[in-house]
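A.B. asks: These protein sequence lines are chains A and B, in that order.
Numbering-wise (the working numbering), the first sequence opens with residue 1281 and increments by one.
Numbering-wise (the working numbering), the second sequence opens with residue 13 and increments by one.
Hints were generated in silico from the structure; no laboratory data involved.
Mixed in with the good hints there might be a few duds.
[Claimed, not checked] Cut-off 27 angstroms, straight-line C-alpha distance, at most; resulting in silico cross-link-like pairs (DSSO-like, lysine-lysine): (1) A:1339 with B:100; (2) B:76 with B:185; (3) B:72 with B:185; (4) B:71 with B:185; (5) B:71 with A:1300; (6) B:181 with B:72; (7) A:1300 with B:72.
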Amino acid sequence: MVLITLFLLSGMLAGYFLRKRSRIIEFNDKVTTGAICLLLFLLGLSVGGNEIIINSIAKLGIQAFVLTAGAVSGSVFLSYFVYVYIFRRKGK
Amino acid sequence: MRGSFVIMFFFSAGIFCGFYSLAPSAMKNSAFSLYALNLLLFLVGIGIGGNNTAWEMIKKMNAKIFLVPLSVVLGTLLGSSLLSPWIKGITLRESLAVVSGFGYYSLSSIIITRIEGETLGVLALLSNVFREISTLLMTPLLVRYFGRLAPIASGGATSMDTTLPIIIKFTGKEYGIISIFSGIVLTLTAPFLITLILAVV
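Hey, can you work out the whole structure from these sequences and the hints?
C.D. replies: Structure (structure tokens):
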């Protein structure tokens, strides 16, 4: 877990120093998309070969749906108060 | 939006190849995906650190705008912990890690797979894809009943790119800036918060 944070932070530091060199940054975006596609392919690969996950995909879908419903409603609920008491008041 | 389809295509292709055992076995080597993940994290870091517009924007912002991503983080964690006890077979810790992707499904599912295994990784992928899709579908209703910050809150990390066009269309340009800002902060927060929750909770 330390490793995850370390790689992310060192990347950000490198990116910060490279930020004026737009060609490198644009190239980096393309490689990032490629790496994401590769890793999701690999995730799919182990999921497809894993009978337990394949058999419980419907259950996982329902769990995911309920979790998302909670996360989205909570966010919308709190942001509504921020909107009404801080943002809208400022504008008028 | 096109990007999301490309990504989902690769995931589905992976499932297909895995199901029918079509891929070379060397690819299933987990050391290989560990290297790929570390490389990805470094690249994602470069993308964030090298984002000029993000740095300029953060310098100019006043403190109030931080309330938007803050309310998304708190609302997401609160809302999911209220529902988590009702979902069978999943712990609070797992729920919190999954929703801390804030819709950033590619990176969150990969990190969670790495730390907790494939089952939770797939749950994270599905849950965070749902977050993006539901924002795309519900933005008009959210704006109407819960104000112009609502779709930004619902979109989470996606409000800086995939859901941005529809958010701008229904809330206006000045909220587009808030939307990008909130998305950037949440994109940054997601990988750290996921790792933190799985390490500490």
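A.B. asks: State for each hint whether it applies.
C.D. replies: Tested hints:
Our distance criterion of 27 angstroms between C-alpha atoms is met by residue 1339 (chain A) and residue 100 (chain B), whose separation comes to about 10 angstroms. Proposed proximity of residue 76 (chain B) and residue 185 (chain B) is supported: the alpha carbons are some 18 angstroms apart, at most 27 angstroms. Note on residue 72 (chain B) and residue 185 (chain B): the hinted pairing holds, with a Cα-Cα distance of about 17 angstroms set against a maximum of 27 angstroms. Of the supplied pair hints, the one linking residue 71 (chain B) and residue 185 (chain B) holds, its CA atoms being roughly 20 angstroms apart against a limit of 27 angstroms.
Taking the CA atoms of residue 71 (chain B) and residue 1300 (chain A), the gap is about 17 angstroms. The hint holds against a cut of 27 angstroms. Taken as a hint, the residue 181 (chain B) and residue 72 (chain B) pair is honoured in the structure, with Cα atoms around 24 angstroms apart against an allowance of 27 angstroms. Restraint check: the Cα-Cα separation between residue 1300 (chain A) and residue 72 (chain B) comes to about 19 angstroms, which is no more than 27 angstroms; the hinted pair holds.
Of the numbered hints stated above, none is contradicted by the structure.
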